[in-house]
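Novice: Go ahead and model the full structure; you've got the sequences and the hints to work with.
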Amino acid sequence: MLEVRNLSKSFGGLKAVDNASLDVPEGGIVGLLGPNGAGKTTCFTMIAGFTKPNKGTVRFMGRDVTGLPPHRICEMGMIRTFQIVQPFAGLTVQENIAVGAYLHHHDRAEAMAVARQIGKRLGMGAMLDRPASSLTIAGRKRLELARALATGAKLLLLDEVMAGLIPSEVSEIVGIIRQIRDEGHTFLMIEHVMQAVMSLAETAYVLNHGKMIAHGTPRELVQDPGVVEAYLGHGAAARLQEGHHA
Amino acid sequence: MKPQSMGQAVLIALALIYLASLYFMSSPVWMGFTINALIVAVVALAWNITGGFGGMASFGHAAMYGTGAYASAILQVQYGINAWIAFGAGIVAGAAMGAFIGALAFRYGLKGSYFALVTLAFAEVLRICASSFAITGGGSGLQLRLEPGLSTLQFNDRAVVYTILLVIVALVMALTAWLKYSRFGAYLIAVRENEDAARALGIDTYRIKVKAMAISGAFAGLAGVLYLQVWLFIDSAVVYGSAVSIEALIGPIIGGAGTVWGPLIGTLGLHLLGEGAKHLLHNAPGLNFVLYAVVLICALRFLPQGLMGLAARIGTFRKKENDNA
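As you go down the protein sequences, you meet chains Y and L in turn.
Positions in the first sequence are counted from 1; adding 18 to them yields the working numbering.
Positions in the second sequence are counted from 1; adding 2 to them yields the working numbering.
Hints may contain errors.
[To be verified] Here are the simulated distance ranges between beta carbons:
{"no.": "1", "chain 1": "Y", "residue 1": "S189", "chain 2": "L", "residue 2": "V94", "range": "55 to 65 Å"}
{"no.": "2", "chain 1": "L", "residue 1": "S134", "chain 2": "Y", "residue 2": "R23", "range": "51 to 61 Å"}
{"no.": "3", "chain 1": "Y", "residue 1": "H122", "chain 2": "L", "residue 2": "Y110", "range": "29 to 39 Å"}
Derived by calculation from the structure, the hints in this document are not laboratory data.
Backbone N, C-alpha and C define an ideal beta-carbon position, used for all residues, glycine too.
Specialist: This is the structure in structure tokens:
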């Protein structure tokens, strides 16, 4: 569904993303992991059209979308969410979701009805008439998801939707994401919360210093020496091995 | 357009009572004063589209106001074109000027005070141009020939002028209300609240902003044409002067930016205050602007949502949301 090939982006002398490639199959949940500053969010901004890559291509549903503006990409059915949640503070929760729904439903009554239905599906039925600014962090993360779904997007790029949530909230969102996937959506997610990655993602990519260093199932990845070293420092994998044997 | 609280209903009722009372007072002074206030209210409503809903605070709505007035005046005076056609042309010219300024400013991603400065610069450049060329009458301005009648859109009876203005203000407010609850309005508010999030949700923010400037420009151009038709004379200082731009933004900010009634209520309130002070202090020139500045500073400090926001907190109609976290 999504094919990213040799994506590269430099800021001045810094190679933020260097020759990164990845694939997301339709109906899958794919993780994108990596330590802080590895270039994950830069990858997202390029895939979703917010910044232009220096090199490389992004293909979505067989069409080349490299360098297209975000609203064109969103119309085609791919949408990103933000790590720092960005509700429209002056609007109610339902109106927030409706902004997403307006993309394919031009009539207000219709967009609001779609918003209500999606809000309810994500367990936000009681909050629909509240101002979005009154939501808790967990509520805002759900709203971010609801708004993205309301655009009718097929592929959702989630940037750390679990960050800042307590474990019980994490398992709620995990349940919601699984439910949305079963309804026919595809996910590419940046995530640090391992509980979520391990239970959701079928495959994952690991980015470090802008380069893809590993690809596999989450279980394989946690045992990959390269991945362990990316997180814990040079030589850490060997020391861990010794620890096991001793 | 529905008031959401007792306070707002009272505020709106007060404005309506004042406007209706003029029919019974038969005071030409008050009538003339309110006619002026209503013309300013139309520019204020124009500013409200971009500044209130879209969060793009312009400091140069005179650019569109003056362009509307001059377009109409040039067509009538220099080319002898019918006042009705010139009226429409003024609105179109205002919209075109708005779209042009918007397209240039947003093309380069100008926001906040940079956008305000560019709009101010446009208005000033246009003011200087208008006072330099022959077609705009140069420094002496343009004067319409006095020939009252329906075909020339000139009316001797002040009550008729006043009624027409009331109807136009009501129409512009109805359009504002319709816009507010349309897809375009939702997109405009989304752009104001968070442009990046809006872009991610599939909104072509550049287009929305330019469109908002065009609509706002049409309203401002309309106000300029109204001024011309009421007073029959314009010059560059009157229609391109920064006083117009200031009055365009001060009314909505004090009345409540991004509301339907705020611009009208703010403009009326301010003009009453300014006029009252002028009478009390024996017509000291420029005094009303000193007073406006004081009121503006107080409004920004104490009433971030203007009078409508303040009134919204008094006697809410909706049931109190006690589960508000």
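Novice: Each hint should be assessed against the structure and marked as holding or not.
Specialist: Hint-by-hint comparison with the structure:
Between S189 of chain Y and V94 of chain L the CB atoms are about 59 Å apart, so this pair conforms to the stated range of 55 to 65 Å. Restraint check, S134 of chain L to R23 of chain Y: a C-beta distance of roughly 58 Å satisfies the suggested window 51 to 61 Å. For the pair H122 of chain Y and Y110 of chain L, the beta carbons lie near 31 Å from each other, so the given range of 29 to 39 Å is met.
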